[in-house]
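> Below, each chain spelled out in residue letters.
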Amino acid sequence: MTFRIDKLGVLIVVLAIYGVLSPFATLKANRIVPGEGFDILEALPGGFGRLMLLAVVGGAAMALLRREALWRLLSASVVLAALFACVGLAAAYLTPADNSYARVSPASGFWILLFTFSLLATDGISRMNPRPSVRLLFLALAIGIVSVILLSGLWTDLSVMKEYAARADVFWTEASRHLLLALGSLIAAAVVGLPIGIFCERVPALRSAVLNTLNLVQTIPSIALFGIMIAPLGWIAANVPGAYAIGVRGIGVAPAFVALFLYSLLPIVANTVAGLSGVPRQAREAARGLGMTSAQRLIRVEFPLALPVILTGIRIVLVQNIGLATIAALIGGGGFGTFVFQGLGQTATDLVLLGALPTVALAFASAVVLDALIDMNAVAPPRKDTR
Amino acid sequence: MSRVTPTLLRALLLALLVTFLLAPETFEPLLRPLVQQNAPVIYAQGNLMSLTLQHLATVFAATLAATIVAVSLAVLVSRPIGAEFLPLSRSLVNIGQTFPPVAVLALAVPVVGFGEKPTLIALFLYGLLPIFENTLTGLTTLPRAVVEAARGTGMTGWQRLVKIELPLAMPVILAGIRLSVVISLATATIGSTVAARTLGEVIIAGLQSNNLAYVVQGGLIVGALAVLIYDGFSAVERRLAVRS
Amino acid sequence: MIEIDHVSKVYDGKTVVDDISLTIEPHTIAVIVGTSGSGKTTLLRMINRLVELDAGMVRLDGEDNRTIPGYELRRRIGYAIQGHGLFPHRTVAENIATVPRLNGWDRRRTTEKVRELLSLFQLDPDAFGPRYPHELSGGEQQRVGVARALAAEPNVLLMDEPFGALDPIIRAKAQDDLLAIQKHFGTTIILVTHDMNEAFHLADKIAVMDGGRLLQFGPPDELVRRPATGFVEAMVGAGDRPFRLLSMRRVADAAEAGEASGPALAASMNQQDALAELMWSGRPAAPVVSADGTMTGRVTLDALLKRARGAP
Numbered sequence: 001m002t003f004r005i006d007k008l009g010v011l012i013v014v015l016a017i018y019g020v021l022s023p024f025a026t027l028k029a030n031r032i033v034p035g036e037g038f039d040i041l042e043a044l045p046g047g048f049g050r051l052m053l054l055a056v057v058g059g060a061a062m063a064l065l066r067r068e069a070l071w072r073l074l075s076a077s078v079v080l081a082a083l084f085a086c087v088g089l090a091a092a093y094l095t096p097a098d099n100s101y102a103r104v105s106p107a108s109g110f111w112i113l114l115f116t117f118s119l120l121a122t123d124g125i126s127r128m129n130p131r132p133s134v135r136l137l138f139l140a141l142a143i144g145i146v147s148v149i150l151l152s153g154l155w156t157d158l159s160v161m162k163e164y165a166a167r168a169d170v171f172w173t174e175a176s177r178h179l180l181l182a183l184g185s186l187i188a189a190a191v192v193g194l195p196i197g198i199f200c201e202r203v204p205a206l207r208s209a210v211l212n213t214l215n216l217v218q219t220i221p222s223i224a225l226f227g228i229m230i231a232p233l234g235w236i237a238a239n240v241p242g243a244y245a246i247g248v249r250g251i252g253v254a255p256a257f258v259a260l261f262l263y264s265l266l267p268i269v270a271n272t273v274a275g276l277s278g279v280p281r282q283a284r285e286a287a288r289g290l291g292m293t294s295a296q297r298l299i300r301v302e303f304p305l306a307l308p309v310i311l312t313g314i315r316i317v318l319v320q321n322i323g324l325a326t327i328a329a330l331i332g333g334g335g336f337g338t339f340v341f342q343g344l345g346q347t348a349t350d351l352v353l354l355g356a357l358p359t360v361a362l363a364f365a366s367a368v369v370l371d372a373l374i375d376m377n378a379v380a381p382p383r384k385d386t387r
Numbered sequence: 388m389s390r391v392t393p394t395l396l397r398a399l400l401l402a403l404l405v406t407f408l409l410a411p412e413t414f415e416p417l418l419r420p421l422v423q424q425n426a427p428v429i430y431a432q433g434n435l436m437s438l439t440l441q442h443l444a445t446v447f448a449a450t451l452a453a454t455i456v457a458v459s460l461a462v463l464v465s466r467p468i469g470a471e472f473l474p475l476s477r478s479l480v481n482i483g484q485t486f487p488p489v490a491v492l493a494l495a496v497p498v499v500g501f502g503e504k505p506t507l508i509a510l511f512l513y514g515l516l517p518i519f520e521n522t523l524t525g526l527t528t529l530p531r532a533v534v535e536a537a538r539g540t541g542m543t544g545w546q547r548l549v550k551i552e553l554p555l556a557m558p559v560i561l562a563g564i565r566l567s568v569v570i571s572l573a574t575a576t577i578g579s580t581v582a583a584r585t586l587g588e589v590i591i592a593g594l595q596s597n598n599l600a601y602v603v604q605g606g607l608i609v610g611a612l613a614v615l616i617y618d619g620f621s622a623v624e625r626r627l628a629v630r631s
Numbered sequence: 632m633i634e635i636d637h638v639s640k641v642y643d644g645k646t647v648v649d650d651i652s653l654t655i656e657p658h659t660i661a662v663i664v665g666t667s668g669s670g671k672t673t674l675l676r677m678i679n680r681l682v683e684l685d686a687g688m689v690r691l692d693g694e695d696n697r698t699i700p701g702y703e704l705r706r707r708i709g710y711a712i713q714g715h716g717l718f719p720h721r722t723v724a725e726n727i728a729t730v731p732r733l734n735g736w737d738r739r740r741t742t743e744k745v746r747e748l749l750s751l752f753q754l755d756p757d758a759f760g761p762r763y764p765h766e767l768s769g770g771e772q773q774r775v776g777v778a779r780a781l782a783a784e785p786n787v788l789l790m791d792e793p794f795g796a797l798d799p800i801i802r803a804k805a806q807d808d809l810l811a812i813q814k815h816f817g818t819t820i821i822l823v824t825h826d827m828n829e830a831f832h833l834a835d836k837i838a839v840m841d842g843g844r845l846l847q848f849g850p851p852d853e854l855v856r857r858p859a860t861g862f863v864e865a866m867v868g869a870g871d872r873p874f875r876l877l878s879m880r881r882v883a884d885a886a887e888a889g890e891a892s893g894p895a896l897a898a899s900m901n902q903q904d905a906l907a908e909l910m911w912s913g914r915p916a917a918p919v920v921s922a923d924g925t926m927t928g929r930v931t932l933d934a935l936l937k938r939a940r941g942a943p
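From first to last, the protein sequence lines stand for chains A, B and C. Mapped onto the working numbering, the consecutive letters of the first sequence carry residue numbers 1 to 387. Mapped onto the working numbering, the consecutive letters of the second sequence carry residue numbers 388 to 631. Mapped onto the working numbering, the consecutive letters of the third sequence carry residue numbers 632 to 943.
The shape of chain A in the complex, shown without the other chains (with noise of 0.2 Å):
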């Protein structure tokens, strides 16, 4: 067999020098002034630095050796793994004994081979352009050794870990907080919604209108919707009897509900009405030939057929509902975005990390479940990518 250089595996390689001489990890006196950085050898207790390097050498030259996408997503893997571990190893190792101001963060190193070999995994998976199911494994397995992490304690002296001990109890109030934002305003959004886009399909003098309406509540800026509900919602809850019984409030988690479930309206009625539009006249036309009353044509052979673009409408809505929910907290919404606000606050970067990491890996673990989904559900099997 040929050894060609991979042009993907230059940029690795390039990319995993300069994470190897930047600092792996920061030790800083508390935790909000700047630290001091380590290298990877000076990170990690005796042996488990040049193991950390052996293994970015290896991965670095398989991504430059190997083409073929399973040898480069297990060594990536390795790589990541090791990563993992070593982050924790050099927590506990850099923190001093009886110290329990000291921080200790992963530096610049770290995040660059983290983006380098996600990278490299990244090239893998879409070379191998596996099945739906197999994809969720991914993302399964993924969890799993994250969690896994997590429960053992290895990462107990790493700084984000430290903000999460001490806010421990709020920490789950407001994850629970921002996924009923999430997706409690996408559920009520799909309920109004897919009526409403399927109401607009057959009425088509309504489209433009509805449309239109929707398109506009888009173009205002988050953080001003989240605001401008607060207003209404305050009255009907001083003045609709029963309204503030059941949880309508003028600030808190009800405007920025109302908000989100406002934006997630537009991509679905749109998908909606794009979805059953797309469905090819033959299959409208057979399904009368058949003798399907509309009510069963809509149920057995519309909405399958436009299934795959609804998912996508939902898609859109759950990844962004998940990302603006963090505003939610401006307006004392609470969810992840109150760690990332108290954060900017303080200047505490690990307590913005506690709330934009989370965030990040909600919105992802989402678009992967539900681009499963998609392919799933879609008519024609999933784009192979030919070249």
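In short, the hints are calculated from the structure, not lab data. Where is the CB? At the ideal position from N, CA and C, for every residue including glycine. Check the hints yourself; a few may be wrong.
For lysine-lysine, the following BS3-like pairs were computed, each having C-alpha atoms within a straight-line distance of at most 27 Å [stated by the list, open to error]:
hint, chain 1, residue 1, chain 2, residue 2
1, C, LYS744, B, LYS550
2, B, LYS504, A, LYS28
3, C, LYS937, C, LYS836
Chain B is faced by these chain A residues, among others (derived, beta-carbon under 10 Å) [unchecked claim]:
hint, residue
4, SER126
5, PHE226
6, LEU324
Label pairs and their calculated CB-CB ranges [as the list claims (entries may be wrong)]:
hint, chain 1, residue 1, chain 2, residue 2, range
7, A, ARG281, C, HIS815, 45 to 51 Å
8, B, ILE455, A, ASN129, 27 to 33 Å
9, A, LEU137, C, ASP649, 42 to 48 Å
10, C, ASP807, A, ALA286, 51 to 57 Å
11, B, GLY502, A, ALA245, 43 to 49 Å
12, B, GLY502, A, LEU21, 27 to 33 Å
13, A, ASN129, B, LEU553, 42 to 48 Å
14, B, GLN546, A, LEU21, 40 to 46 Å
Given chain A's structure and the hints, the job is docking chains B and C onto it.
Below, chains B and C alone, put in the same frame as chain A:
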């Protein structure tokens, strides 16, 4: 009649926007009911016009940079020399879109500090994705016969790119830039949480002092800008698309 | 003269063009026929190096076609394809001017050439020049496509199923136009098609390809009389043989002295049509009239039937 109405509405919206920015007091009676008795109605800590211009400048700079980088990258991976990166770049675009703007903004602060910079970085990174995706779609879905004919007439790779492929993909590329600008206009407001001077300042001041008039005026200015820019781009795209 | 000399092309271990040699005389039309996947298009594209060959050599007027860069070569060779491939963002005039501009012609010469070609293809230069391709009918687009291929006055024109997307009536017209144009410029044309009727209508010589190999290369007449293989015979169509032979000859060639009744047949009419006319009108013979209107004799049913059996 129905063809003239949208143009009239746009002109009216533009006139309203300019009037509001130049003489916000004119609208005081309209916004008055939104605030408590003695609270100020019109944002006074900064000039609305200069904030708007600053907002637009930030969005423009970020979008310009994003356009240059995204179009170059898309051109690169659609050439034989960059073809190895094509599957990877598609996946990266997919993954990149799952990063919430607030997270990007917040994570940029530790690296570059507070102010315009993190906002520019977040807008740049977030703006890359739609432009890259659309450029790639535009360049890879050209009619085969046309690309083939361009080779057959003896154009060099560069001539094909500049004279045939990019002009034909232009409507799709512009649609990407339009999406990117509209997202950036809204996202830039979040930049004010990290002390960037944008219209978000007005909204956040409103949230902090419980002044709904501030929130509404900030939100509506950004909304009006987005609608006008969106329409402008759409008009250019339609004009270009008529020919193909 | 185009010499294709032991040329081969391999894709992923599969030989799509297998050691093909043939020589095409200047100012003639050679048609390559074959089923889809026979390698005919690949062979054509190796001449202007849209596909690089793996073995062998292609010589144009004695010169290896790899001595100049591919794009320079392609500016000297006309190329027209199925579905015309007009640039949708450029006007008809700009489309035709593509290669002259690439070659750096001045504006006046380019404009003149564009007008000349449009007129030649029966398209009014003032009406059609400023239009965009999508405003044209399929037949008009196809003519512009060929005009573009001819704009830089190439000696050689390569055509890949150029009439494939046209309906039968417009296609017949386009084929006649091509013959007229070829006479006008004396261009050497190599045309790929899977339509045997088109091949017989246009070709001076026909090359039959199958599975990447060249089975036979010769004048249409030879393919009918002496097919090299069963495949060639099947391509020609055993049931069509007598008619193919008649279709290649003019009435003038079968005319003899004598008289006949009824409407006269033109001397330039092909013999197949003459036979059909005699059968339809139930006459044993018909008078023949030459282009200038003089009676030159008659053509008989017997004479035509004799020729349909292969007599000279």
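> Taking 27 to 33 Å as the stated bounds, is the beta-carbon spacing between ILE455 (chain B) and ASN129 (chain A) within them?
31 Å, holds
> Is the gap between the beta carbons of ASP807 (chain C) and ALA286 (chain A) within 51 to 57 Å?
Check failed, 44 Å falls outside 51 to 57 Å.
> Less than 10 Å between beta-carbons is the criterion; does SER126 (chain A) satisfy it with respect to chain B?
4 Å, holds
> Against chain B, run the beta carbon of PHE226 (chain A) and see if the smallest gap drops under 10 Å.
8 Å, holds
> Straight-line Cα separation of LYS504 (chain B) and LYS28 (chain A) no greater than 27 Å?
25 Å, holds
> GLY502 (chain B) and ALA245 (chain A), beta-carbon distance inside 43 to 49 Å?
45 Å, holds
> Just tell me: holds or violated, for the beta carbon distance of GLY502 (chain B) and LEU21 (chain A) against 27 to 33 Å?
29 Å, holds
> Are LYS937 (chain C) and LYS836 (chain C) close enough, with their CA atoms no more than 27 Å apart?
24 Å, holds
> May I ask you to test the hint 42 to 48 Å on the CB atoms belonging to ASN129 (chain A) and LEU553 (chain B)?
29 Å, violated
> Hinted pair, alpha-carbon criterion (27 Å max): LYS744 (chain C), LYS550 (chain B). Please report holds or violated.
21 Å, holds
> Tell me if the interface restraint on LEU324 (chain A) is satisfied: Cβ within less than 10 Å of some Cβ in chain B.
Since the shortest Cβ distance to chain B is 7 Å, the answer is holds.
> Can you let me know if the beta-carbon spacing of ARG281 (chain A) and HIS815 (chain C) is within 45 to 51 Å?
48 Å, holds
Checked against the numbered hints given earlier, this structure breaks hints 10, 13; the rest are met.
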